[in-house]
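Position chain U against the provided structure of chain X, taking the given hints into account.
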Amino acid sequence: SQQGEEDPQALSIQEGENATMNCSYKTSINNLQWYRQNSGRGLVHLILIRSNEREKHSGRLRVTLDTSKKSSSLLITASRAADTASYFCATAASGTYKYIFGTGTRLKVLA
Amino acid sequence: KAGVTQTPRYLIKTRGQQVTLSCSPISGHRSVSWYQQTPGQGLQFLFEYFSETQRNKGNFPGRFSGRQFSNSRSEMNVSTLELGDSALYLCASSLLGQGIQETQYFGPGTRLLVL
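In order, the protein sequences belong to chains X and U. Numbering-wise (the working numbering), the first sequence opens with residue 1 and increments by one. Numbering-wise (the working numbering), the second sequence opens with residue 1 and increments by one.
Looking at chain X on its own, in the form it has when it is part of the complex (with noise of 0.2 Å):
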């Protein structure tokens, strides 16, 4: 299979508690993006990371990007309930429009 991993696959923390999740890839790629989803609904596009950037910040977040080791590492900081989601990275092979999901990690934020 092509799909990326993602670990741990659920996450339980409490709320003010910081969330770290990690995604591996298998191809060589240009960009790689993370998603929100909510409850079985649409995903939300949360930020976009180039291969020349190594890390990046949106808000509470903190995207970091390792080519050589095909990982990147989402951080959500003080967490808040309203953080409860799966979160997804998303690739795709470079010349593609195919993109690539991971297997998602399941947070959980207790308040």
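Keep in mind that the hints are not guaranteed to be accurate.
[What the hints assert, rightly or not] BS3-like, lysine-lysine: derived pairs with alpha carbons at most 30 Å apart: (1) X/K108 x X/K69; (2) X/K70 x X/K108; (3) U/K1 x X/K69; (4) U/K1 x X/K56; (5) X/K108 x X/K56; (6) U/K13 x U/K57; (7) X/K69 x X/K26; (8) U/K57 x X/K70; (9) X/K26 x U/K57; (10) X/K26 x X/K56; (11) X/K26 x X/K70; (12) X/K70 x X/K56.
Rather than coming from a laboratory, the hints here were simulated on the basis of the structure.
Just chain U now, with coordinates in the frame of chain X:
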């Protein structure tokens, strides 16, 4: 701007039937992609259209087909439905059709149940 809309939102069909799902992208967006999401297989790419041309297709049987119209609206069709086709079908659009270089905007999905 209105977001990506998908119709219908829920659908129940029986094995052997066919189904057509519709997706209206954000106004001005030229690329539309379709995905199938199931608990077992996760999010799987079906196909991508840009200016009425299919540019990429995922690893799905020929029973899955799609098209895009001149106004960028897209439909996907599944013929001879099987139980395993039960899934959430997601449509996404992007402005320039640059793939992973730009953001995709997802619709709420159509939940298909095959009995």
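**Prompt:** Going back to the hint list, which numbers does this structure go against?
**Reply:** 3
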